[in-house]
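Chemist: Residue numbers (my numbering), protein chains in the order written: chain A, 1 to 546; chain B, 1 to 342.
Since the hints were made in silico from the structure, they are not lab data.
Possibly wrong hints are sitting among the right ones.
If you want a taste of the chain B side facing chain A, the calculated C-beta under 8 Å gives, among others [to be verified]: (1) 56; (2) 58; (3) 84; (4) 163; (5) 292.
Think of the CB as a built atom: it goes at the ideal place given N, C-alpha and C, for glycine as much as any other residue.
The primary structure of each chain is shown beneath.
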Amino acid sequence: MKKVCFICFLLLLLPALLIWAGGEKVAEKPAPAKEVKRELRVTEAWPTYIDPAVGSDFSSSISLVNLYDSLVYPTPKGDVIPHLAERWEASKDGMTWTFYLRKGVKFHDGSELTAEDVAFSMDRIMTIGEGYGYLFAGRVKKSEAVDKYTVRFYMTSPYGPFLTTLVRLYILNKDQVMAHIKPDGPYGEFGDYGKEWLLTHDAGSGAYKVKEMRLEEYLLMEKFDDYWGTFKPNAPDLVKLIGTTEAVTIRTMMARRELEISDQWQTSEALKALDAIEGIDIATMYLGTVFYYMIHTKKPPTDDVNFRKAMAWAMDYKTVREKLFPGAREARGPVPVGFPGHYPDFTRYERNLDKAREYLKKSKYYNKLDQYPVEVHWIAEVPDEEKVALLFMSNMADIGIKVNVVKVPWLGVVEEMTNIDTSPHIVTVFVAPHYAEAGSLLESRYHSRSAATWEQNEWLLDSQIDAMIEKAITTIDREARFKLYQDIQKKIDEICPSLFMFEQAQKHAYQAAYIEWPAIIKENKIPVMGYDFDARFIQVFPEKKK
Amino acid sequence: MRFLKYFAKRLLHSIFVLLGLSVLVFVIARVIPGDPARMALGPRAPESVVQKFREELHLDKPIYIQYYYWIKGAIRGDFGRSLFTKRSVASDIKEFFPATLELMLFTGIVMSLLGIFLGVLSARYSNRWPDNLVRIISYMGVCTPAFVFAILFLLLFGYLLNILPTIGRLSPYITPPPVRTGLITIDSLIARNFPAFFDGIKHLIMPGIALALGPMAQEARITRSSMTDNLQRDFIALERSQAIPERRILTKYLMRISIIPTVSVLGLDFASQLGWAFLVELIFNWPGLSRYGINVMLNKDLNAIVAVIMVIGLMFLVVNIIVDIIVATLDPRIRLGAERSK
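Generate coordinates for the entire structure from the input sequences, incorporating the hints supplied.
Modeler: So, in structure tokens, the structure goes:
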């Protein structure tokens with residue numbers, strides 16, 4: 001017993017020794033900040049990659065928009081306005097694009113942003129190939145700094161949406177990145193291209209700069225006082241992206257006014273509870289994400305266009321929108337309504353059993369429906385999809401189509417979609433546009449290049465559609481390009497390769513009592529992921545907190 | 001001397017166990033469906049870039065060659081790059097492990113002190129109201145998952161009473177201590193940064209107690225059962241017949257032998273927190289290894305999965321050896337038995 005007491009004594013003595021003998025004195029007082037800072041705290045799903053050549057998901061996009069500048073800036077209408085580039089011009093054949101940069105733009109380290117930095121940023125994102133690199137890889141052949149404030153891009157072929165995609169080219173400080181390169185990386189003379197350093201630091205010129213980045217926990221950004229652009233008068237001094245989506249945690253933080261905007265992953269029950277807290281409202285946004293039932297067009301019985309149209313007319317979309325995904329918007333075709341390049345005359349499907357039976361009768365499988373059950377694979381990680389699948393099963397039973405509903409983990413779905421034989425009749429997937437134009441969805445969903453990926457279970461492999469898509473995206477003139485997009489949608493409408501369930505509503509709870517968020521007004525919403533969170537346009541009034 | 005030899009042998013066995021574990025986990029991690037390179041770079045990355053990345057990770061080579069590269073690096077402390085955080089796995093472990101270790105230590109202290117105290121109380125007042133009360137508490141603790149406690153605490157102390165911090169390890173207005181051990185409480189004591197120390201403790205209370213309640217209940221039941229069994233033994237009757245005070249019997253003779261099973265289970269419970277804490281870490285946004293482990297598994301981050309499981313395995317082995325030492329110290333018969341078995 002004495003020994004035990006002695007050991008306990010030693011254990012108590014150890015921290016005491018650490019404190020008084022080994023310890024060193026730090027700041028006399030940890031000085032809590034007395035001044036009231038305007039702080040904007042937003043929760044988001046982790047990870048957040050703040051390297052412009054790596055990040056492309058929602059939280060990464062929010063941070064990139066705030067830390068970096070792009071040559072052009074998206075507008076609520078889906079087109080672009082000058083930003084770092086004051087003006088630009090494209091050659092007649094669309095093979096070169098020249099941008100004239102704004103003078104006097106400062107990076108966070110005080111150095112001036114020049115054409116060299118722009119060319120470096122383009123080369124870097126294409127070489128690394130991650131994040132938004134796919135928008136430029138294979139499209140841009142070479143980038144060149146013509147003079148200090150002029151940069152030119154040479155294309156491999158004309159690329160119509162190039163200007164639209166440039167909202168995703170974030171400009172890095174070349175010198176700063178080069179100073180932090182690790183030589184033993186995979187990019188030859190560029191080592192790791194500064195990837196490791198840029199995980200927790202920024203090299204941008206954006207309205208905010210990194211103050212602290214704690215992986216898996218939060219990203220804290222502070223206002224950049226030398227920013228060339230404008231801030232709203234009460235724009236936040238600090239912006240914090242917190243890596244959590246836990247409903248109880250968020251509810252507690254919002255009630256304590258420790259969180260201004262919630263992530264979009266909250267369930268409808270959680271949002272309802274948040275809405276009930278005084279001063280909190282729910283903002284609904286539409287970024288063009290469509291929930292598709294991707295139908296295999298090369299496998300019986302869904303290889304028959306009449307069979308597919310029968311399914312399209314038998315489905316009860318209204319119930320899905322109103323009961324299963326409240327707030328969701330009607331999807332009319334593969335391109336959301338109002339999205340640049342949308343075809344307004346796309347067939348407006350609604351539940352109509354007479355029409356469904358009419359098409360089914362025309363189908364070659366009409367008399368042998370029980371021999372051809374349809375298999376629907378829904379994603380196990382999104383439980384709400386099961387409800388839609390069960391409703392689909394019940395709706396199809398009304399016209400005699402037998403449906404088997406199968407729950408498959410996402411990785412399993414991705415694996416089976418790599419092969420035309422293993423792909424099921426229907427896979428249920430949400431797809432978001434890569435850039436704010438119809439061409440993005442049309443290319444990623446229906447071009448033969450995307451067959452064998454999770455973005456296309458239809459296996460269209462249609463050379464005519466491929467040619468139409470190619471022609472559209474290589475057309476430089478915007479109006480002409482949009483006309484071609486509409487022709488493609490007309491063609492898609494004829495062959496009905498997918499069911500367009502709804503356009504997803506993205507909902508965020510926010511502190512309506514003390515923040516002013518322009519994006520809550522329909523006319524201000526920018527259809528490019530992350531841009532509605534450009535903090536310099538959001539106003540915070542801590543004095544209004546209750 | 002023989003005792004030392006016995007533990008040296010245990011250590012040697014542990015190396016083989018770790019080696020076996022590494023082979024097993026390495027193979028299992030690679031048979032999970034999905035292409036890790038494609039998952040890391042995203043569905044839209046060009047195939048050429050993905051292929052280059054596969055080669056960089058040696059995924060284009062047979063599994064035994066991959067293992068060779070991995071073990072070669074692991075011996076040098078290089079576990080490769082994480083596909084999830086995009087940096088070296090060793091840096092990730094170095095950053096996330098101390099957070100979970102700190103939580104585990106706090107949990108360990110709470111569960112052992114409270115568990116043994118409640119167990120002794122229960123045994124001392126066997127079949128009386130304190131025993132019944134502890135029994136109810138224990139049953140509740142054993143059958144309720146830690147995340148339920150976490151949510152209840154968050155709602156009660158964070159939402160309704162608003163007296164404890166909800167997320168993270170330190171409040172934003174507190175200057176963090178310089179990193180020495182990575183354990184905020186210890187680092188702040190070393191730096192004499194007492195506001196950080198107390199703030200760190202405040203952040204530990206909710207997740208720590210949520211994690212401790214389940215094992216604590218188990219410890220209490222085991223201690224109680226062991227003590228009530230031993231109370232019937234002849235040596236206790238002998239001590240009582242010699243008019244030794246009840247408190248002395250309890251603390252000097254009964255306690256020492258009765259907590260041996262508790263200590264054994266305590267060790268396992270302590271080490272298992274490393275793997276089980278992920279939901280609690282998620283709820284409190286605690287940047288720990290457990291949460292990291294789940295994230296890397298969901299993202300098929302091969303190198304990180306193996307490294308995390310190896311760390312957990314290593315912790316189990318270390319804790320088991322420590323438990324063996326404690327048990328052998330408490331009961332000489334076990335120590336002598338080990339020596340005789342030579």
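Chemist: Can you name, in rising order, the numbers of the hints this structure does not satisfy?
Modeler: 2 and 4
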